[in-house]
Amino acid sequence: MEEGSYKINNTRVTIMTREELQNEILKILSREFEIENPDLDDDLRERYEFDSIDAIELLIEIEKLLKTELTQEEKKQAMDIRTINHVCDYVEALAKTRA
Amino acid sequence: MERRVVITAGSAITPIGHSKKEIVNSLVNGISGVKRLRQDDLLTRYIHSGVFGTVDYPLEYDFKRQHRKTMGPVAYYACQVAKEVIEASGLDNEFITSGRLGVAFGSTHGSPTVQRDIYKIFFGGSSSEYSNIGAVEYLKSMVHTTAVNITKMFGITGRVISSSTACTTSSQSIGFGYESIKFGMQDAMLCGGADEYDTTTVAVFDNLLACSTAFNETPHLTPRPFDSRRDGLVVGEGAGAVLLEEYEHARKRGANILAEVIGFACNNNGGDLILPNLNGITQTLRIGLENAGISPDQIDFVSAHATGTKMGDIIEAQAIHKVYGNSPWVAGLKSYMGHTMGTCGAIETILCIYMMEERFIAPTLNLEVVDDRCAMIRHSMKLQEGNIRMAAIQNFAFGGVNTCLIIKKFE
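Those protein sequence lines, which keep their order, are chains A and B. Residues in the first sequence are numbered consecutively from 1, following the numbering used here. Residues in the second sequence are numbered consecutively from 1, following the numbering used here.
Isolated chain A (complex conformation) (with noise of 0.2 Å):
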């Protein structure tokens, strides 16, 4: 396996460096959730009223982001994320099981 990247279904998907997640991440955020210029630390929930169903579809935004379906279990370990930096770190393990 070439380092920065990981094959799903014999396609190669280029795992990007923190700085580019966040910055996807933060495109998500403002695309979808019109969160705009969010501090990193933030806590959804409590800054911008991220509930449940927010989570929900923050996770299928990051299936798109990775090409790669997610385990139930990997959903319910996200139900506890409150930040973006959260985020980052929880779609840099994904990405890291599957390389």
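Since the hints were derived computationally from the structure, they do not count as laboratory data. Nothing here was measured: the structure is a model prediction, and the numbers come from that model. Just so you know, not all the hints are guaranteed correct.
Which residues of chain A face chain B? A partial, calculated answer using Cβ under 8 Å [stated by the list, open to error]: (1) Phe33; (2) Leu40; (3) Asp43; (4) Glu46; (5) Ile53; (6) Ile56; (7) Glu57.
Idealized CB from N, CA, C, for every residue including glycine.
With chain A held as given, fit chain B onto it using these hints.
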């Protein structure tokens, strides 16, 4: 405990306008909201009827994303009229969230637009690796989506009633809301209904040969309730909401009281799910009067269900004649906008209030030559000044459900 129930605010989105001024202008000047059916690349090519009661003016919604995210088109309509009613009522936030305000609001079948999108994914043959159905699709499409989106938007914590009985949906909302206050369960109820643009409903009635098809090139000439040339109903879209409030509660806070709800009846024909039933309807009208504690001669105006179908209008005219003789003025207000389905009861109630306030009686639009079989009642055929003190609003639905609301001018 029986308490008086008054209406302290109302709002409607209709094919003939949104504001009271627009709607009254359409009623006074005989302006129809029926237009050509919009193409939808789904069913319209198969449907014989080419007309629809259309809301074709822009609506400027100002909803936060947190509220929008669970709303399909029908909930947008519902929340808009609910917002306008709450604003007009002057109720304070403490009361709104106190648990003493409830919501009775429904639609024919939630949001068919969103349901269609879900089915497209189900049956689209996609072998996508990840889920395509969003977490909120059910919340947008479910039958009680209107009621609960309203509760969410305003933090309303009282009871929720979400009738879904086709054409009696919102008259039931008002009726059940009235009973909730009358018997002390709530001090106020936000009641109404909404239905979005949807050609599947047109297709259903078209298949049953109940839709108007002869006026596709001249939509404003149909529907024609009680007219000898009527050829069926016209499906429409819209929303209507009223705030019902316990009289003393409204009086103490100095609310502007528009009218009083004094009676409600709801029954079922107990048989055929489609055909109108003279005995069932007649009984509904009688129960409504009994519930209001008034005699038939006290009713000045009957807002007939009057969809413009061949049989429905005759049966309804017979029922009105049996109960009222030819005393009250009768008009079919769907003649202006078509049949707005789950919202018709609320819209027709609001139109009656407008007529009470402005002291006029609208005619049945397109009623040129009364069908002999409908001629035994007193049709309103031209615009006239009139002091409606009490009005009966009657609605009948597939499934054999009948309702009658009795409202009284507040003086």
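Outcome of the hint check:
no.	hint	result
1	Phe33	holds (7 Å)
2	Leu40	violated (21 Å)
3	Asp43	violated (16 Å)
4	Glu46	violated (13 Å)
5	Ile53	holds (5 Å)
6	Ile56	holds (3 Å)
7	Glu57	holds (5 Å)
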